[in-house]
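> Fit chain B to the known structure of chain A by using the hints.
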Amino acid sequence: MPQLDTSTWFTTIMTMLPTLYLITQLKLLNTNHYQPPLTKNSNLQSHSIRWQPKWTKTCLPLSQPQQS
Amino acid sequence: MNENLFTPFSTPTILNQPATIPIILFPAMLVLTSKHPINNRLATTQQNLTQLILKQMMTTHNAKGQTWSLMLMSLITFIAMTNLLGLLPYSFTPTTQLSMNLAMAIPLWTGTVMVGLRFKTKNFLAHLLPQGTPTPLIPMLVVIETISLLIQPVALAVRLTANITAGHLLMHLIGNAALALSTTNLSLTLLTSTLLALLTVLEIAVALIQAYVFTLLVSLYLHNNT
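Residue numbers (the working numbering), protein chains in the order written: chain A, 1235 to 1302; chain B, 762 to 987.
The shape of chain B in the complex, shown without the other chains:
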């Protein structure tokens, strides 16, 4: 039962060749680029969406923070497309792999810390101690704040992995249960409606991408502006 349940999350191979390479590259192909001033509806919708997300995300930053806009846009596009494609049956979602999320989270978080340390060192170090703490508590609080800073990349990666994995697992389990109950026809309708509701709720995988990018944004904003 254990082996059966977790096999959708092992990296797929076709004839012993890694199939993860085309699977990871595929969502990038769905971003349309065209040279015409007036496009068809799909390309226009994508362009409008990109501009909307860009404006929403980058207006809170000053000029220095806005140099990161391409990076953050490609991040949110990549994670959104990957998560949405993973909702199709029998598909493989690369964001369930802890390796990929760690490799995304650690360099980006380190980048924000480097920017903050290099350009606003005193401000950055001042964040390690909240205002108005009594003097005997200061060493302990500095340690606690440092730990909470160092845990940010791990939290980013594990949050994304765990949420997507748990969602997919839940859909598998409920689908299997609904199938098993279909012979007795007892609570079939109830279970399938729960599965459908869970699927729509799982389209809040897109909200998870928001969570990822916004958490990244928060640390960038903090290090750049304050």
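Extracted from the complex, chain A is given alone in its bound form:
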């Protein structure tokens, strides 16, 4: 049986090792799986409205009543 001829075993194994562990894995890592572009929720407007009063509050510290 020609598969039991061990003279070629070294070449075959040494070729298979970088192919399997390097090249195929690098190729699989470099496939980008993009999300469909419409999945981001577009209700950011409500958050920005709630954010504005906080911003005005922190930016005007002198308008708060003095404690001392």
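I should point out that these hints are in silico values taken from the structure, not numbers from a laboratory. Some hints could be false.
[What the hints assert, rightly or not] No more than 35 Å apart at the CA atoms, straight line, and that leaves these computed lysine-lysine pairs for DSBU-like:
1. K796(B) to K825(B)
2. K816(B) to K1261(A)
3. K881(B) to K1261(A)
4. K883(B) to K816(B)
5. K825(B) to K881(B)
6. K796(B) to K1261(A)
All values derive from a computational prediction rather than experimental measurement.
Same frame as chain A, but now just chain B:
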């Protein structure tokens, strides 16, 4: 007759240089990588297939087992592409070489055993004795279970080699027989239809890849989770 039948399985040489090197490297080139968000149909099909296989295989594992997902994905991709390309006439299938299958099976199986031994030693050793065995049988059963554990990598390698080799041999034989019978024109149609059916059945070489990866999965799952 013997020499003629087995020559497709000897490693090919071109001008005395080993041709196995480009042949083994070739299936990896067929995996497409592209940076575009929207690809052509072939790249999209490949990506969808990869995601499908990934989800099917890795959902049964916990977080620790899922660190092996890249390894198992590249394993199933490599073996599937290699086996499918070997179905073309006059091509060389590297997975018929026992050397390559042993070199794939032994390190991967040893890895799973190391993971199981290191992180779940008691659990791993407890698997060597099935529940509810009568006390006098215990030493014999431990030996038997150890042997069945140690034979796993050999079984993985030899299973893959033998199945692919036998399939290819059978196709050669039936094709030769159909050709020889074509002059008499007797059962030509019957034989060629058998060859065609065998070819489609041999596309269950892809199922063999499933068998390989799933057997590997089973031992990984067992060592990681139970």
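> State for each hint whether it applies.
Going through the hints against the structure:
no., hint, in the structure
1, K796(B) to K825(B), "holds (30 Å)"
2, K816(B) to K1261(A), "holds (18 Å)"
3, K881(B) to K1261(A), "holds (33 Å)"
4, K883(B) to K816(B), "holds (30 Å)"
5, K825(B) to K881(B), "holds (12 Å)"
6, K796(B) to K1261(A), "holds (12 Å)"
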